[in-house]
Amino acid sequence: MQITNVAKESVDKSKLKYFGLGLGYRREIRKDIIEYLEKPIPQTLIQWLEIVPENYIYKGGHPLKQFEEILEMGIPLIPHGVNLSIGSAPKHKKKLEFDFHLLRGLKKLFEEIKAPWFSDHLSCSRIGQHYFQELIPVPFTKEAIDVIADNIKFLEDYFQLPFLFENPSYYSHIVKPEMRESTFINSILKKAKCGLLLDVNNVFVNSVNHRYLPKQFIDDLDLSKVVQIHMAGHKKGYKSKLTGHEIKILDTHGENMHERVLELFQYVIKNSRPKAVLLERDSNFDDEGFEGLVDELKKLRFIMDSKLEFFQDKEQEEGEASVESTMDEKKDDTSLANPALETNAAKAAPEEITMDTGDNLDLSSNPQGEMDYANMDFSAMPGMHNLDAEQAPAPKKEKSSLENDIDSLGQEFMDI
Amino acid sequence: MAKLHRIQEEIKKYFMGKKVNTRIISQEQLRELSIYKSLAIDTLRGMMRKIYPLCYKILQDNWNEIIHSYYEKYPSTSSVYNQAAKNFSVFLKDWDFRWKYREENYPKWLYELAEYEWVEVDLYNYYRDGYGGSKKDDDTLKSSKEELIRLTKAHKVYRFDYPISKIVEHLSSEKQVYNLSYFKKTKEKLLIFRDRTDHIRYFLLSDGSYYLIDKLRSGTNINELYKKFHRKFAITDADKQGTEEKLNDLLIKFTKEGILTSS
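Read top to bottom, the protein sequences are chains A and B. For reference, each letter of the first sequence is one residue, going 1 to 416 in my numbering. For reference, each letter of the second sequence is one residue, going 1001 to 1263 in my numbering.
Okay, chain B solo, but in the shape it has when bound (with noise of 0.2 Å):
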C-alpha cells in the first residue's frame, strides 16, 4: 500500500475519534492536525446550530460537545456540505447518546423533532423548477377528472410517536420553555412541502386526508380517488356528493400551494 494513502487513512481515524497508529503519525503531527479538525468541527456546530435551531434549544449546554461526538461518529459521506448534517436524529436516537446523556433527561422526542428540522433542509435542496411543481399562481383545479394528479416531489410524510407541530410550536415561541416531559406520546401524521414561495410548510393529517395524499404520491385521477375514499372510508350514497365537495376543497388547495400538479 502506497505511503501516502497510509498516512491518510491514519488521519482519517484521526478524525473519526479513532486510535491513531503514532508510528505513521506521529503526536506532534496529531497536534498540529488538530487545528484541521478543530476547523472542521467549528464550521460544523455553527452549520447544525442553523439547521436544528429547537434541538439546539434543548441542547445548548452540551452542544460543543454532542457536535463533537456527532462528527467523529457520522462523517460525511456525501460532497454536498450540508449533508453533513443529515445522521443527527439517527445519531440521537442511538443508545450511546441516550446513555451519556442519561442525567440530562432529555425528552424522548428529541429525535423525531430533528427528523423534523431536517426535513426542511432537505426538502429545502430541491430547486423549484427542478421537482415539477408549477411556478404559475394557479389557483384552480384545472384538471379533468380523468386526468392524471400527483403531488410534486417537494414533500415529505412523516408519522411521529409525539405531537411534533405542538412541540416546535411550543419551542419556536419566545416564552421560556418548560417542563419538555409535558409533551406525552400522540400519533402524529404532518405532510411536509415546499410552496410557491420556497417556505417549507405542514398540514397536520388526519387519517382520511393521510389516505388522500397517499394516493396523491403515487399519482391517480380524480374519478379514481373518489371511488378508492369512499370505498375505503364506506361513505354512504348520501354522503358521496358532501364528501366529494370537501375532497375537491383540498384538492385545490394543494394546487394552490403548488404541491400538485396534473399531466
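Bound conformation, chain A alone (with noise of 0.2 Å):
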C-alpha cells in the first residue's frame, strides 16, 4: 500500500466529546458489568467501556450483537487494539505493510459501535505475517519516528477517525536510543498529529525499571495531547525463563492499582484534560470479585471529582445528557471518602452466576459428550508488556514530598 501524501489537521481535543471514567471489557465480567449498569443508579463508575476489538472480528460473528444490550443502555464502547503494530518498519520504504485482513474487520467493527476514535500500543507486535503474542518495543530512532507518523497516518487515513498510540511499558531497549523516551513520543505527536493515550502505570512500571522520576517525565511531555487515560496494576518483579534475566517490576494489568501510581494519576489529571479515564484489568477477577473493581473505580473517581473545576466544566459544556453524573452533589464534599459511591457500594451486591449446562441429548443410543465452554475466555490477550527506558533526566524543580517518596519506592524496588 502506498503511503497518500495528505496534509493532515492535527487532533484537535476540542472536538472530541467527553466520556468520563470506563472500565475494560472483558467477557469474565459481562455479566456483571451488565448488572452494575442495569442499577437505577447514576453512572459515575463505568459511563463507557473499552473493548480490544481483535476479539470480536471472528468469522461468521456480528460484533454488534455481543453488545447491543451495552450499546441500548447509551453505554459508549471505544476500541483499543493490540495488533495494528505501528512500529512495524515496512521492507521498502514507502510501502506499508498492514495486516488488511485486521484493517478490514476492525473498519466494520468501529463504524458499527460508532467509535470516537481508535488506539494501539507504540510497539512493534507484527512482523510480516508473524504476530508475536506480545508487544515489542521499538528504538527511540528518528527512523522509527518517521516509521510510525507514515503508519499512523495511513491509518487514521484508512478508518477515518482520530488515532491514539499509548505510550509502552518497556523492560529493555533492543539497540541503542538515540533520544529519551518523552522526546520519541513528542517527536511522533508533533510528525503524525494524533492524540496521546497516557497509560500512567507504564509511566510509573518505567520509571523503576530504568530509574527515572515520572513526575519529570510526565512534565517533559506535551500534555495537551493527552485524550484518553489508562490506570492498571503490576506487579513486583520477572525473570526470563529463557535467560534469567530479571526485571524490576512488571506491568501486568492484574492487580490492584498501586498508591504511588494514584497519585502519579492525580498530577497528571491536574495537568492535562483527558476526555476518558480507564481502569484496566485482564485478569485475576475472582480475587476480590466484582466489588474489588467497583472499589478501584470509586478511587478514580473520587480523583476525578477533587479537580471538579475541570471535570465539571466540561461535562456542562459538552451537554453529556448519557454521561450521568453526580457531580454536582459532590461539588463541596471531595475532602472525605465519596457518600454517593458509598451508596452505589452497598446497592451493588455481587450477582451469583448460574449456568445453563443443558440436557445431554440422546441419539440413535449413541454415547454424547457435552462440554462446557461458556464460562471460559478465550480473548486473553498478551500482557501489557512493552519497553521504554530513558536515562534519569536532571529534576528541573526542588523534589515534592511525592517524587521522594517514588524515588524511595524505587528503592525498594530495586531492593527486592
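Among the hints, erroneous ones may be present.
[Stated by the list, open to error] When the alpha-carbon atoms are kept at most 30 Å apart in a straight line, the in silico DSS-like pairs for lysine-lysine are as follows:
{"hint": "1", "chain 1": "B", "residue 1": "Lys1153", "chain 2": "B", "residue 2": "Lys1100"}
{"hint": "2", "chain 1": "B", "residue 1": "Lys1003", "chain 2": "A", "residue 2": "Lys94"}
{"hint": "3", "chain 1": "B", "residue 1": "Lys1253", "chain 2": "B", "residue 2": "Lys1215"}
{"hint": "4", "chain 1": "A", "residue 1": "Lys248", "chain 2": "B", "residue 2": "Lys1050"}
{"hint": "5", "chain 1": "A", "residue 1": "Lys142", "chain 2": "B", "residue 2": "Lys1012"}
{"hint": "6", "chain 1": "A", "residue 1": "Lys93", "chain 2": "B", "residue 2": "Lys1246"}
{"hint": "7", "chain 1": "A", "residue 1": "Lys190", "chain 2": "B", "residue 2": "Lys1184"}
{"hint": "8", "chain 1": "A", "residue 1": "Lys142", "chain 2": "B", "residue 2": "Lys1003"}
{"hint": "9", "chain 1": "B", "residue 1": "Lys1013", "chain 2": "A", "residue 2": "Lys241"}
{"hint": "10", "chain 1": "B", "residue 1": "Lys1232", "chain 2": "A", "residue 2": "Lys91"}
{"hint": "11", "chain 1": "B", "residue 1": "Lys1012", "chain 2": "A", "residue 2": "Lys191"}
{"hint": "12", "chain 1": "B", "residue 1": "Lys1189", "chain 2": "B", "residue 2": "Lys1215"}
{"hint": "13", "chain 1": "B", "residue 1": "Lys1153", "chain 2": "A", "residue 2": "Lys31"}
{"hint": "14", "chain 1": "B", "residue 1": "Lys1187", "chain 2": "B", "residue 2": "Lys1057"}
{"hint": "15", "chain 1": "B", "residue 1": "Lys1227", "chain 2": "B", "residue 2": "Lys1166"}
{"hint": "16", "chain 1": "B", "residue 1": "Lys1073", "chain 2": "A", "residue 2": "Lys241"}
{"hint": "17", "chain 1": "B", "residue 1": "Lys1086", "chain 2": "B", "residue 2": "Lys1057"}
{"hint": "18", "chain 1": "B", "residue 1": "Lys1246", "chain 2": "B", "residue 2": "Lys1050"}
{"hint": "19", "chain 1": "A", "residue 1": "Lys15", "chain 2": "A", "residue 2": "Lys91"}
{"hint": "20", "chain 1": "A", "residue 1": "Lys95", "chain 2": "B", "residue 2": "Lys1093"}
{"hint": "21", "chain 1": "B", "residue 1": "Lys1228", "chain 2": "B", "residue 2": "Lys1246"}
{"hint": "22", "chain 1": "A", "residue 1": "Lys248", "chain 2": "B", "residue 2": "Lys1012"}
{"hint": "23", "chain 1": "B", "residue 1": "Lys1153", "chain 2": "A", "residue 2": "Lys114"}
{"hint": "24", "chain 1": "A", "residue 1": "Lys93", "chain 2": "A", "residue 2": "Lys15"}
{"hint": "25", "chain 1": "B", "residue 1": "Lys1018", "chain 2": "A", "residue 2": "Lys239"}
{"hint": "26", "chain 1": "B", "residue 1": "Lys1246", "chain 2": "A", "residue 2": "Lys176"}
{"hint": "27", "chain 1": "B", "residue 1": "Lys1100", "chain 2": "A", "residue 2": "Lys107"}
{"hint": "28", "chain 1": "B", "residue 1": "Lys1093", "chain 2": "B", "residue 2": "Lys1156"}
{"hint": "29", "chain 1": "B", "residue 1": "Lys1108", "chain 2": "B", "residue 2": "Lys1093"}
{"hint": "30", "chain 1": "B", "residue 1": "Lys1013", "chain 2": "A", "residue 2": "Lys239"}
{"hint": "31", "chain 1": "A", "residue 1": "Lys176", "chain 2": "B", "residue 2": "Lys1013"}
{"hint": "32", "chain 1": "B", "residue 1": "Lys1086", "chain 2": "A", "residue 2": "Lys108"}
{"hint": "33", "chain 1": "B", "residue 1": "Lys1093", "chain 2": "A", "residue 2": "Lys241"}
{"hint": "34", "chain 1": "A", "residue 1": "Lys270", "chain 2": "A", "residue 2": "Lys190"}
{"hint": "35", "chain 1": "B", "residue 1": "Lys1215", "chain 2": "B", "residue 2": "Lys1057"}
{"hint": "36", "chain 1": "B", "residue 1": "Lys1189", "chain 2": "B", "residue 2": "Lys1145"}
{"hint": "37", "chain 1": "A", "residue 1": "Lys239", "chain 2": "B", "residue 2": "Lys1175"}
{"hint": "38", "chain 1": "B", "residue 1": "Lys1019", "chain 2": "A", "residue 2": "Lys239"}
No lab work stands behind these hints, which were simulated from the structure alone.
Hints given; two lone chains; assemble the complex.
Set out below in C-alpha cells:
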C-alpha cells in the first residue's frame, strides 16, 4: 500500500466528546458489568467501556450483537487494539505493510459501534505475517519516528477516525536510543499529528525499571495531546525463563492500582485534560470479585471529582446527557470518602452466576458428550508488557515529598 | 532495506528460535529481548492449557518445553489471539515431535485429541447470533416438506481414526489415567456443535446419521432428503414409513438444539 501524501490536521481535542470514567470490557465480567449498569443509580463509575477490537472480528461473528445490550443502555464503546503494530517497519520505505484482513474487520466494527477514536500501543506486535503475541518495543530513533508517523497517518486516513497511541511499558532497549523516551513520544505526536493515550501505570513501571522520575517524565510530555488515560496494576519482579534476565516490576493489569500510581494520576489530570479515563484489568477477576473492581473505580472517581473545576466544566459544556454524573451533589464534598459512591457500593451486591448446562441428547443410542465452555475466556490478550528506558533527567524543580516517596519506592523495588 | 526493518527481521528470527545475526542485534540485546519471548511463551502456555486441558493431562511433564517448541515452530499469523493455539494438532502429528518424545510413548491419537479440543474453541468463536441459528426455544420442525433446511455454521463434522469420544470421557473423569494404549484404532464420526445454550456438544454419528448430516450441510428439503436416504440405504417400501419417522425425530432433535434452520 502506497502512502498517500495528504495534509493532515492535528488532532483537535476540543472536538472530541467527553466520556468520563470507564472500564475495560472482558468476557469474564460481562454479566457483572451489565448487572451493574442496570442498577437504577447515576452511573459515575462505568460511563463507557473499552473493548479489545481484535476479539470481536471473528469469522461468522456479528460484533454488534454482542454489544447490543450495552449500547442500548447508552454506554459508549471505545476500541483499544493490540495488533495494529504501528512500530512495524516495512521492507521498502514508503510501502506500508498492514494486515488488511484485520483492518477491514476493524473498520466494520468501528463503524458499527460508532467509535469516537481508536488507539493502539507504541510497539511492534507483528513483522510480516508473524504475530509475536507480545508487544515488542520500538527503538527511540529518528527512523522509528518516521516509520510510526507514516503508519499512523495511513491508519487515520483508512479509518477516518482520530488515532491515539499508548506509551508502552518496556523492559529493555533493543538498540541504543538516540533520544529520551519523552522526546521520542513528543516527536511522534508532532509528526503524526495524533493524540496520546497516557498509561500512567506504564510511566510508573518504567520509572522504576529504568530509574527516572515519573513526574519529570510527565512534565516533559506534550500533555495537550492526552486524550485518554489508562490506569492499571503491576506486580513485582519477573525473570526470563529463557536467560534468567530479570526486571524489577512488570505491567500485568492483574493487580489493584498502586497508591503511587494513583498519586501520579492525580498529578497528570491536574496538568492535562483527558476526555476519558479507564481502569484496565485483564486477569485475576476472582480475587476480590467485581466489587473489587468497583472499589478501584471509586478511587479514580474520587480523584477525578477532586478536579471538579475541570471535569464538571467539561460535562456541562458538552451537554453530556448520556453521561450521568453525581458531580453536582459532590461539588462541596471532595475531602471525604465519597458518600454517593458508598451508596452505590451498598447497592451493588455481587451477582450469583448460574450456568445452564443443558441436557444431554439421546441420538440413536449413541453416547453423547457435553463440554462446558460457556465461562471460558479465550480472548486473553498478551500482558501489556512493553519497553522503554531512559536516563533519568535532572529534576527541573525541587523535589516534592511525592517525588521523594516515589524515589524511595523505586529503591524498595530495587532492593527486592 | 531500512535499518529498523532489518532489526525487526532479526527479532523475528530470535522469536522463531533461528540463528540471529549478532552484528545487527548483539548477544546482550538478545538477552534483554528474552524477557519478551519469555512473557509471550508464558502467556501462550496458560492459554494452551485452557484450550487443551486433556492434552495437558498427558503432556504435563514436558508441557513447558513443548509449548516453547510450538511457539517457535508455529508462530501465529492471525491477529486474533487464541488462533495462536490453532496448529497444535499439526505440531503433535509432526515427525519432529514424535521423534523428540519417542521415549515418552505418547499415544498415537494425541493429535486427534488436540483436534477435538481445538474444535470447541473454533465453534465458540462463532457468536450465537452470527451463524444463523435460531435463539428461540423452538422444539418443533415447522418447515414444510418442500422448504430448504440446512445446518447452521456452528458445527463441525470429524472422522477420527480412534474412539475420541471414549478417550475424552476417560480423560475427563476423576479417575487416574490408566494405560493410554488401551484405546485401539476404531473409526469414529462426530458432529460437534454449539447448542442453544452456547455449550459445545457432540453427537456420535452412525453411517445413516452421517449421511443425513452430509446432506443437511449443503441444504436440502425434507422430501428430497427422504428420497436420497431411501435410495442410498436401499430402504424397502415396507420400511419407508418407519425410516421417515426416525429421520423426522432426528430433524426435530437438531431443531431443538438450534443447529437446523429453514429458509
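To see whether the hints hold, each was checked on the structure:
no.: 1; hint: Lys1153(B) <-> Lys1100(B); in the structure: 38 Å, violated
no.: 2; hint: Lys1003(B) <-> Lys94(A); in the structure: 14 Å, holds
no.: 3; hint: Lys1253(B) <-> Lys1215(B); in the structure: 16 Å, holds
no.: 4; hint: Lys248(A) <-> Lys1050(B); in the structure: 28 Å, holds
no.: 5; hint: Lys142(A) <-> Lys1012(B); in the structure: 22 Å, holds
no.: 6; hint: Lys93(A) <-> Lys1246(B); in the structure: 66 Å, violated
no.: 7; hint: Lys190(A) <-> Lys1184(B); in the structure: 66 Å, violated
no.: 8; hint: Lys142(A) <-> Lys1003(B); in the structure: 11 Å, holds
no.: 9; hint: Lys1013(B) <-> Lys241(A); in the structure: 18 Å, holds
no.: 10; hint: Lys1232(B) <-> Lys91(A); in the structure: 57 Å, violated
no.: 11; hint: Lys1012(B) <-> Lys191(A); in the structure: 28 Å, holds
no.: 12; hint: Lys1189(B) <-> Lys1215(B); in the structure: 15 Å, holds
no.: 13; hint: Lys1153(B) <-> Lys31(A); in the structure: 26 Å, holds
no.: 14; hint: Lys1187(B) <-> Lys1057(B); in the structure: 23 Å, holds
no.: 15; hint: Lys1227(B) <-> Lys1166(B); in the structure: 34 Å, violated
no.: 16; hint: Lys1073(B) <-> Lys241(A); in the structure: 18 Å, holds
no.: 17; hint: Lys1086(B) <-> Lys1057(B); in the structure: 19 Å, holds
no.: 18; hint: Lys1246(B) <-> Lys1050(B); in the structure: 39 Å, violated
no.: 19; hint: Lys15(A) <-> Lys91(A); in the structure: 36 Å, violated
no.: 20; hint: Lys95(A) <-> Lys1093(B); in the structure: 38 Å, violated
no.: 21; hint: Lys1228(B) <-> Lys1246(B); in the structure: 15 Å, holds
no.: 22; hint: Lys248(A) <-> Lys1012(B); in the structure: 26 Å, holds
no.: 23; hint: Lys1153(B) <-> Lys114(A); in the structure: 28 Å, holds
no.: 24; hint: Lys93(A) <-> Lys15(A); in the structure: 33 Å, violated
no.: 25; hint: Lys1018(B) <-> Lys239(A); in the structure: 22 Å, holds
no.: 26; hint: Lys1246(B) <-> Lys176(A); in the structure: 73 Å, violated
no.: 27; hint: Lys1100(B) <-> Lys107(A); in the structure: 44 Å, violated
no.: 28; hint: Lys1093(B) <-> Lys1156(B); in the structure: 20 Å, holds
no.: 29; hint: Lys1108(B) <-> Lys1093(B); in the structure: 9 Å, holds
no.: 30; hint: Lys1013(B) <-> Lys239(A); in the structure: 22 Å, holds
no.: 31; hint: Lys176(A) <-> Lys1013(B); in the structure: 20 Å, holds
no.: 32; hint: Lys1086(B) <-> Lys108(A); in the structure: 25 Å, holds
no.: 33; hint: Lys1093(B) <-> Lys241(A); in the structure: 27 Å, holds
no.: 34; hint: Lys270(A) <-> Lys190(A); in the structure: 22 Å, holds
no.: 35; hint: Lys1215(B) <-> Lys1057(B); in the structure: 37 Å, violated
no.: 36; hint: Lys1189(B) <-> Lys1145(B); in the structure: 28 Å, holds
no.: 37; hint: Lys239(A) <-> Lys1175(B); in the structure: 36 Å, violated
no.: 38; hint: Lys1019(B) <-> Lys239(A); in the structure: 23 Å, holds
Of the hints listed earlier, those the structure fails to meet are numbers 1, 6, 7, 10, 15, 18, 19, 20, 24, 26, 27, 35, 37, in rising order.
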